[in-house]
Every structure is written in structure tokens, then in C-alpha cells.
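Read top to bottom, the protein sequences are chains S and B.
Each residue of the first sequence is one higher than the one before, starting from 1 at the first, in our numbering.
Each residue of the second sequence is one higher than the one before, starting from 1 at the first, in our numbering.
The hints are simulated quantities; they were obtained by calculation from the structure and are not laboratory data.
Each hint should be verified, as a subset may be incorrect.
FRET-style restraints, in silico, Cβ to Cβ [unchecked claim]:
#1 S:Phe273 - B:Gln204: 29 to 35 Å
#2 B:Gln305 - S:Pro154: 53 to 59 Å
#3 B:Glu302 - S:Lys46: 45 to 51 Å
Computed list of chain S residues with no C-beta within reach of chain B, every gap over 10 Å [stated by the list, open to error]:
#4 Asp16
#5 Val17
#6 Leu31
#7 Asp49
#8 Ala59
#9 Asp96
#10 Ala172
#11 Tyr244
#12 Glu259
#13 Gly270
Here chain B is said to cover these stretches of chain S; the calculated rule only asks that three of the stretch's residues, wherever they fall, bring their Cβ under 8 Å from a Cβ of chain B [as the list claims (entries may be wrong)]:
#14 144-153
#15 201-213
All figures in this text were calculated on a predicted structure; none of them were measured in a lab.
Positions of the beta carbon are idealized from the N, C-alpha and C atoms, including for glycine.
Each chain, letter by letter, is given below.
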Amino acid sequence: MKISLGPLMYCWPKSDVYAFYEKVADSNIPLVYLGETVCTRRRQVKWSDYLALAKLLQASGKQVVLSTMALIENSSELPELRKQVANGEFMVEANDMAAVAIAQELNQPFVCGPSINNYNRATLDKMATWGMQRFVMPVDLSGEWLRQVLTPSPSYEAEVIGYGHLPLAHSARCFTARLKGLTKDGCDIACAQYPRGILAQTQEHQPLLRLNGIQTQSASCCDLRQQLAQMETMGVSWFRVSPYSQDCISVANALIAGETAPLTADACNGYWFNEAGMRRVV
Amino acid sequence: MELLCPAGNLASLKAALNAGADAVYVGLKDDTNARSFAGLNFTPQKLQEAAHLVNSCKRKFYLTINTFPQPGQEKRWYQAIDLAAESGAHGLIVADISLLDYAHQHYPELPLHLSVQASATNLAALSFYQQQFNIQRAVLPRVLSIKQVKDLAKTSPVDLEVFAFGSLCIMAEGRCQLSSYVTGESPNSGGSCSPARHVRWQEQGNSRLTRLNDVLIDCSGINEQMGYPVVCKGRYLTEDTEAPQFLLESPTSLSTLDLIPELAAAGVVSLKIEGRQRSPAYVEQVTKVWRAALDKYLAAPERYQAQENWQAALAKVSEGQTTTLGAYERSWQ
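Please model the entire structure based on the sequences and the hints provided.
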């Protein structure tokens, strides 16, 4: 089982993003995804910056995939997406069908990210005819689903988000701006103040969600480190650590070193067991 | 512009047709559609009856097969498509790629409508589905502003259908896991958002606690008007605020009566009323208002204005008794 690092889904200051990826470059992580996937208004770190970081990471021996936007609502975003898919150097992660469409048209291989609805083998096989090399399992699916989909083993790779906050939904509305009393168009990039999103708890103080701009995430950190061996047997190629802080690099490094870790007290893993995603199954 | 109304059963179907629907959409009595509630939907026999009723008054019906089959269960979805073709449905509303492929290959004459659950929000996605599966129409997710709808309509290679009235999904449909995160079931897989069997209300003094699979999603006054409990319309706390707030959205329904002229000018072909899970009385009430509004518009487009009594009638059957333009209005976003 190999360990990958998913794209940073939060809006961090540019210096923090660079510091993060410099540390990633020094890590043992063999596959890194990077790029803005949540909001086009976040312009601190531009596509050209991500390309430069991708080159830095590639120079330190890593495979790099450039992740693209999860929700594309404006026609004006399509030329930019096309430019990204056609970058000529790095494979992209498609997170909207627009990216799948463009990759197929340009005959470019791609990875299907977790927000593409791949719910069965026939759909995945169809994606493969369009150029899909690997898919990230949608977050709501289970270990049993994966076992069935990978039997017999397909021509493409499977990746599972095994550690990190799960992206659960995307909206037209920016929840961060709304909470700050700002409009989406005048948001002042309010999400930059929340490097791990805004924690939303129930009125009984049970952590429930994390609001990250237009994206809603799980409040809990999903932790499938206990299932790593099982995934390996099933034929999963990549275990993705979805980063929320620099500590996640250490989590990835520890996994690569073969270290085991107990299920943390506030983690969730329900989806893997075909239960409510927020459940912690022991 | 077509007025497309929900029919959860034959009674609702009749109510919709009598009140002036141009077309209705229905689902089968299983988990092949995203309104899989007990007591709702059509057996193959009832579907035949529905087809007969619709055809006899020269309207249309579309069959909704908009959930995503999981491994080992595909056959049930393929059979649903076969049944749709046999029933003479005027369209098939589909989200899953493997099902679009199946329908396109086996029934090339059966018009395919891309379900909102496919979450196609832009020209590249729509064109792709059209090229690959020859879809005729797409239902747009409720995440686009009216300007974005207009822009898309200018260049779209397929007909566009939009949501005109009903429950307001605030997330890109088909890609929302809030329900499954809390309950284990979602429209995509289990066939409904926030399934009723997970909902529990508890009265505590002057408060009513609303729980979804034991998770407290709201605490309201006993007499407060509440909508159907869903995760995105609950009241929660943040680290910065002491009072619970509707952090995502408050209970409200979508209503676009004011947008009829703009939607018509944009060339949108169909206005969809949400609510296959609602009662025949609801379907009748809402269809009547929308029929009146569309007729008024068609009679004199330049003089159209939404009437207050229409708005009031719709507010009565709306969540929280209020309506919103939702994402169509940029300031909502």
C-alpha cells in the first residue's frame, strides 16, 4: 500500500502553503495532489504557483497530480480548466464532470476525484474508456463496496481517503462569508481566517460539520489507518491522507514507516463499515 | 414553457393533470429513485394506469430513475429502464453514467433527461453528456444564479429544465453527503434525504428537540413553524457564537414566480415543481398557482407580474411558511 497526500482544501496564506509543500518535498510521500479545489476567489496561491510547487515536488522525486475545482458554475471558468488539463506535464484530478469532458476531448489521462459520482463498476469502466487511470472512492462508500468493485481487478487504480476531514458537500452559498455577515462577492476571503474551517457543533456540543467556504466537511477526522492491511488485500493502490495541518505530513510519514496508530477518540470511520459516516466503529 | 409536476401516486397524478400540469414525473416503488418513501410511487401496474391517464389527456410523463446502483444490484435498475421503455414514458430521468449508457444503447429512441443528481452545472459537462449519451434535456442543480442559467441557456446543446418551486436543496445535488454522514442513507444510495425512520421529536418544557439518528439538529419553540428536518437546515453552534444559528440555511422553500419572464426569455423549456413525497392536495394547490401564473405570462408576457394571492397560497404550503429565490439570486449565495 502506498501513501498519497490529497490537495489542501483550506485557504492558507501563501507563505504557509509554500512552507507546507517544502516540508512535503522533504517527506517520504511518493504521490502528492495539489491545487485549489474549493473556490476560485482564493487567488493568493495561483495556478502558476501550484505549477511551480509541482515542479519542486517532482524534482524531489514525487509523482504529482494537479487537482481541479469541485464545482464549476461559470462558463468563464472553463478556459482556465482547459489550460489546467492541457498543462502538458502533470496529470490532473477531475473533480467535476467538466474536467472529465475536457480530459477526454484532449486525450489526456486523469484521476477521478472523490466528488465524481462513481458508484459501480460499469461507470468506472466507462470512465476508463475516457482516460481515467485511477479513481478516489466517493467518501460515502464502504469497504464492502470497494471489495466488489475491485473484483476482478480492473485496469485502473483505486485510492481511498483514509485520513482527514471528509468533503461532504459543495454549495453555491459561501457559509464562511455568510457567518461573517459578508456577501460571496465581497467575502474578503474570510475563509483565510479559518485554516481548518469553522467547526459547527450541535446544541449539545457534539462536533458535526466544518464549514470551509462553499464546502462542508465532516467535523471529525476520518481515520481508516486500522483498515490499511485490509485495503492492501483488496487491491487498493493508494491510501490518501487529506491534510489539515503540517502534522498530517508526520501521519503520512509514520504510515510509510509501517507504524501503527490506535483509532483516535474523536475520529469517524462509519462509511467504511456501511454505517453513518460520522460513526466511530471499533 | 412546460409545467412539470410531481406525482408520488395516482391521486397526485390526477390532481396535477386536473390542475393543469403539462407533464408529470413519477418513480417506481423501489430504490431506483430518490424519493423512495413508504406508501409512495408506482408498481408496474400502476405505471400502466398512469400512462393511460396521461395519454388520454395528451400530456406527458417522465420516469425518474435517478439513484446510483451499487455493485451486484445493477439488474434492478436495468429492469426499471426496460419498464420505462415498455410503458411508453416520454422521457427517462437518469443520473448514473452506467445507466445513461444502458438506456442509450438499448433504447436510443427513448428521450434521456439528465437528472439533477448528475450535478451537471456547466457547458462542458452538458455537452459531454450530450455527445456520449445523446441526452435531450438536463435538469439544472439549484446552485446557479439566474445570470448563470441565462448564460448556459445561450449555448447549451440540450434543453434545460429548472426547479421552479419546492424544497430547497442548497448543495450541488447528487454530490451531497450530509444525510448519509448522519444517517447512513442519502438520495444517491438509499433513495431519500434524511429518511423519516431516523427522525425523532422530543418535547422538553417549551422546546422541541429534533433528532436525526440521535444527533440533535435543532431545538425550537413548541409553536415554531418548522420544515422537514434535514442537516442543512438545523441550528448549530460555532466556537465564536453562543446562540445557535441556522449556519447553512433556515427552513424555507424555493419559489421563482418572479423569474418566469427571465426564465422564459432565456429559453428554459421546463419548470419543475418539487415534491413527489407531498400530498395530492399540495400538488393540486401548487399546480393551480403555477398554471395561473404561466397562463398569465403567456397571455401578456410584457405585463406579467407575480400576484400577491399566488405568493400567499404558495407560502402557506412552504417550509417555515417562507419562500426564497435561493441561488438564483446572487445575494443569497
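Going through the hints against the structure:
1. S:Phe273 - B:Gln204: 29 to 35 Å: holds (32 Å)
2. B:Gln305 - S:Pro154: 53 to 59 Å: holds (57 Å)
3. B:Glu302 - S:Lys46: 45 to 51 Å: At 46 Å between Cβs, range holds.
4. Asp16: The assertion about S:Asp16 holds, with a minimum of 20 Å to chain B.
5. Val17: holds (24 Å)
6. Leu31: Holds: least Cβ distance 24 Å, greater than 10 Å.
7. Asp49: Its Cβ never comes within 10 Å of chain B, the nearest being 25 Å, so this holds.
8. Ala59: Non-interface label stands for S:Ala59: nearest chain B Cβ at 32 Å, farther than 10 Å.
9. Asp96: violated (7 Å)
10. Ala172: Violated, since 4 Å does not exceed 10 Å.
11. Tyr244: holds (16 Å)
12. Glu259: About 29 Å separates S:Glu259 from the closest Cβ of chain B, which puts it past 10 Å; holds.
13. Gly270: At about 7 Å from chain B, S:Gly270 fails to clear the 10 Å cut-off, so the statement is violated.
14. 144-153: n = 3 at 8 Å, threshold three: holds.
15. 201-213: This one holds; 9 residues, not fewer than the three required, reach chain B with a Cβ under 8 Å.
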